[in-house]
Amino acid sequence: MDSDESTVLIPPNASKSEPSKFYLVSSLLRYATRLEKLMLIVGILASILCAFSIPLLSIVIGDIGRNFIDLTKDLHNQTIAPEELDKELQIFGILMHRNCLGYAVLGMWSTFFAFVQTSFLVYVGENIIYRLRRDFIAELLKQDAEWFDRTSIGTISTYLNDNLERIREGTGDKIGLTIQFFTEFTISFAISFVYSWKMAVSLIAVAPIMMATGVLNTWLSSKFSKKQNALYAEAGNIASQALGSIKTVIALNGQNQEITKYESVLKKARMEGYRKALSGALSRGASFIILCGLQGAAFFIGSYYVYDGVLDGGTVMIVFYSLLFGCFAFSEAWPQLSSIGSAIGAASPIFDIINNTHETIENSANRYSQDIELVASVEFNNVSFAYPTRCDTTVLKGVSFKAEEGETIALVGASGSGKSTIVQLLLQFYEQSAGTIKIGGHDVSNLDLKFLRKFAGVVSQEPILFNATIEENIKFGKPQATETEVIATLRKANAYDFVMQFPKGLKTMVGERGTQLSGGQKQRLAIARTLLRNPRILLLDEATSALDAESEAIVQRALENASQGRTTLIIAHRLSTIRNANRILVMKNGEIVEMGSHSDLLAAEGIYSELVHSQLMNDFDEEDIGPLSPSRLSRSLSSEQQFDFHRQTSHQSASAPQSEQKNDMDRMKEELREEGAQRATLWQILKMCKSDVFLITLATLSSIIQAVHYPFISLLFANIVESFSLEKEEMLSHVQFWALMFVAIGIAKAFTVWVQYISLGYTAERLSLRLRLNCFKSLLHAKCSFFDDPHNSPTRLATRLSTDSSNIKLAVDPRLGGVLTLVISAFIGISLSYYYGWKLATLTLAMAPILLYAEHCFAGYVSGAARTDSKALENSNKIAAEALENVKTVRSLHMESQLLGIIDTHLQDARGEIKRKSFIQGLAFGFAGSLFFYFYSICFFYGVYLILHREMEPVNVYRALFSISFVVNNSTSATAYFPDYIKAAYAGNKHIRDGAVEVNDVSFHYEQRPNQVILDGVSLTLEPGKTIAFYECTTGNVKIDSIDVKNTNLYHLRENLSLVSQEPTLFNGSIHENLIYGLNRVVESSEINEALKTANAFDFVNSLPLKLNTLVGDRGTQLSGGQKQRIAIARAVLRNPKVLLLDEATSALDADSEKLVQKALDTASERLSTVVVAHRLSTIVNADKIVVIKAGKIVESGTHGELMKLKKSYWRLTQKQNSSGSNNQ
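Numbered as in full-length UniProt numbering, the sequence shown ends at 1225 without a single skipped number.
By construction, these hints were calculated from the structure, which means they are not laboratory data.
Any given hint could be a false lead.
Here are the simulated DSBU-like pairs of lysine-lysine, each with C-alpha atoms no more than 35 angstroms apart in a straight line [claimed, not checked]:
no.: 1; residue 1: Lys450; residue 2: Lys438
no.: 2; residue 1: Lys397; residue 2: Lys1107
no.: 3; residue 1: Lys588; residue 2: Lys1107
no.: 4; residue 1: Lys142; residue 2: Lys450
no.: 5; residue 1: Lys690; residue 2: Lys267
no.: 6; residue 1: Lys142; residue 2: Lys888
no.: 7; residue 1: Lys915; residue 2: Lys247
no.: 8; residue 1: Lys888; residue 2: Lys1107
no.: 9; residue 1: Lys142; residue 2: Lys438
no.: 10; residue 1: Lys878; residue 2: Lys142
no.: 11; residue 1: Lys915; residue 2: Lys142
no.: 12; residue 1: Lys588; residue 2: Lys454
no.: 13; residue 1: Lys1190; residue 2: Lys247
no.: 14; residue 1: Lys888; residue 2: Lys261
no.: 15; residue 1: Lys1093; residue 2: Lys223
no.: 16; residue 1: Lys728; residue 2: Lys888
no.: 17; residue 1: Lys1193; residue 2: Lys1208
no.: 18; residue 1: Lys198; residue 2: Lys728
no.: 19; residue 1: Lys878; residue 2: Lys839
Just the calculated beta-carbon pair ranges, DEER-fashion [claimed, not checked]:
no.: 20; residue 1: Thr186; residue 2: Gln78; range: 34 to 40 angstroms
no.: 21; residue 1: Lys504; residue 2: Asn237; range: 55 to 61 angstroms
no.: 22; residue 1: Phe827; residue 2: Tyr307; range: 35 to 41 angstroms
no.: 23; residue 1: Phe112; residue 2: Arg916; range: 19 to 25 angstroms
no.: 24; residue 1: Glu730; residue 2: Asp86; range: 24 to 30 angstroms
no.: 25; residue 1: Ser445; residue 2: Leu45; range: 52 to 58 angstroms
no.: 26; residue 1: Lys267; residue 2: Phe112; range: 48 to 54 angstroms
no.: 27; residue 1: Ala488; residue 2: Gly1069; range: 42 to 48 angstroms
no.: 28; residue 1: Glu560; residue 2: Leu1206; range: 25 to 31 angstroms
no.: 29; residue 1: Tyr835; residue 2: Asn237; range: 22 to 28 angstroms
Only a predicted model underlies this, so the values are computations on that prediction, with no experimental measurement involved.
Heads up, the beta-carbon is just placed ideally off N, CA and C, and yes, glycines get one too.
Work the whole structure out from these sequences, hints included.
Have a look at this one:
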């Protein structure tokens, strides 16, 4: 196994010894039923019987050659009587009719057994993979949280797609083909030794070289392809991550950094492509030398045996063709055997997971087998815990508390203090290191997990929605719920109104990860989903963190009502949400440092009291506020009406199709149709290669020279047959001359192949790099509005970036030269055929397209190119991947069985489709692989007819027939070019100063919701700040320093702006790499430390074992929400911008951190212009101007004091967020 391949396939616990191949094969077979095992045995027997047809064909070819040689001798014999000649012609006709019948019988033999072999083995293989895939997904859903922490989602995706697909490719029919080809090899060599062991021994030295060349060619091509594909996958990951976080990339001017990374990997991939082209040229050229050398050697040596009377010309042909067929069979068997080896290697990590008997939380047998009556009390007794992936960091240290049934317990404290960990331990995602956790007096480790997670419902800080409708997402909480129940729950969560505003209402698709909704909308749907389950214990992990003040107040009341009769654990940073809790637990560094009611803790004047006073929101008048920090603008927007920096739209969005469930051809056809584009011509694609015109010219010349090869070979073979009919001395000299000509033309062919392969291979790789890079650059520099169209999702764009560039490359790969060679060869061959016998040429030409198609289908099937994945199978993989990526949400909602049912439905559909296709596929393969038997049977039969009627010379039948058939038989690689060229054709046609902010009469709506106006005639001015717009306004304009932003250099604009969003984006790298992302200068460590301190992130970063080198994981999954937010703030501050844009930037921070960070941001604002989007009004009291927007219009503006005096909208919002009221001042 290639080292790169093993890197992909090694599981997380790869240190353990690899299981034996026998064990893996037997593990696969246990997924077959008794009937399928019987079908497997029958299929293998059919493979062995099918293998007899090709070796026996060598005998038929030799007999035909002998008959032609004997007849030619008689025709050249001047002394033979006419009566004797007629008799010889009659005998020739009888023998040839038998040979033609032999062709037909072998064809029928091959058709029948190939059909049985293929249909049976494909049927068995697909059923095995269906059951294996179903069991594997089920086992993945049973893995514990520790396993998911140690295993990246990319690895899981590889298991689901790459590994299972390799197993699929390496089982079933591949087993049959391997057995068939090795049997062919054995029988063919046996025949050669039976007919002349001496001649076989003489040629056997060449045979291994020929076989080794074929194997080496396959191995080298596979090796370099795997390395190149691995690098393309790495480049794809870079592109996918950049496109998935395009707003962050653009805001941080990270385009050049991403392009540099992408280009670096692509250049490495191009080098592997160069090596692949070079190795392909050398091995293919060598194979022509060896093949022609074997032919020349066979006839050269055979001529001596004929001269000595030991053999005749027909026997020489039998020995030669049996050895040739044996070598071909061995070369064909190697790729099949390699596929089986890859399948066994790919099966290893799959069965490691399926057969893992290690007891985990998720599969523990020591749990109650059924539901029990429980009191909804929660008790933690001296609980300690460290995450398995960070064993050296203790998250909880001796935590003890008890919540009686019906009580509300609140947990507050700094980010990373262990609050969310308590929820995860209670739901048994992890098992505590020490202590006990009980519900209703029962240890949670003994409770059935399904019952436990149904008994306790959770709403998390970062809500997860699945790519389904709103109704389906809510009913994941209770599948049997009625629409009435769903609507009632939406009303409780204050979500009904915004849901019904969508054109499709409950049937609205939320997009991947809920991307079509705002953060507040997602949060409310998550709350509704949990409330629908009516849990006895309610776990709220920052459940209202993403809501505006008005919505928060309503939802908070709903949650308080829902909490009646329930035990509720609330994790909160906003202290206004917990003041009515029975008890509040204050956590710090994994320990409970204070405990009591809101009033008790305030009276104690400890940590909680400080947190509360930092968040107090009172009716201050202007005199109470004191001097204002300069240059801060705050806008308060409702969640439905906010100008959201995370979403973009445009009236010029490019439209792309929903391609994930279509093959490349259908996808590109639909894309072109929707875009109104036409297919690219070959000339247009070649114009993309104008910088490589010299290489293309060399390839063209070499292709033209190659064109004479196969027509000339057909003439050489006919001349050899004719030469064997001559007398001894003359025969010897003629045969040996033509034999040496075989070697000469082989050398000439090899040289032209080298030039062609290297020239076009290099051209294709250079074109691929240019296209990928230019396309990536265009995407990164596209308007943000382009990405708003749901068709332009990051996944689809990354797929298009990869597949379309690869498809265009196929138009100029070495097969393009093969097509030119084929066209010229066909012209020469047809001309020669008509010259030597126009009647036979007409019949041969009429049948050639059928043979050509059969050759193409057979080669495509053997290589695996004929397989297509069904839409149902793609759907099942997509659902499984999304479920596994959000496995904790799946488990908390007890969705495993429901999801497995959905996945199994798709798999059943795919299975039924494949079962139907297996028999059609077997029939097609049987005819495609045997059609040439019927072709030669008919052509020789007609040729004999023309000979018997004295209309053609015997040797001219060979010349006329082989001039066309040799070209057809060797055109497989060229004809395989055309489907790929069509793909290429479809793919080819796609492809600041100090400042003042001024917004003049701006109106705006999202393209996807044209009837919903988001901004309606908004005008405002701020000196001397700056702002940034990710969207073009529908009317009006946005100016910076009196210059319309449309006319401003975007790089310069964004270099002077820093955005911190409500849901921060971190890239898969270290903390240090994330901090300096997009900066084109050397950043001193002192600057980084200062930025971390400003964001109150210095301490937690330096408490990590690897400090700044700590990897944050994909999307920052290794950090808490507050930690991610602080890293994002530090990244923004480090850029030293002129304008700071804060879109709910402190929403994920605890009160203490928020206070410190807010103070730092206030300090930074003394030199910055700052625009703040805020729901938490405590963060904006010191703003120079507060702008309240409602229904897309500015309804109020002014300072905090001015707006409080008005006692209108802003004043009402502050009252709803007042955390203590007048009694607590």
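| query | If you check each hint against the structure, which ones fail? | reply | 7, 15, 16, 19, 20, 21 and 29
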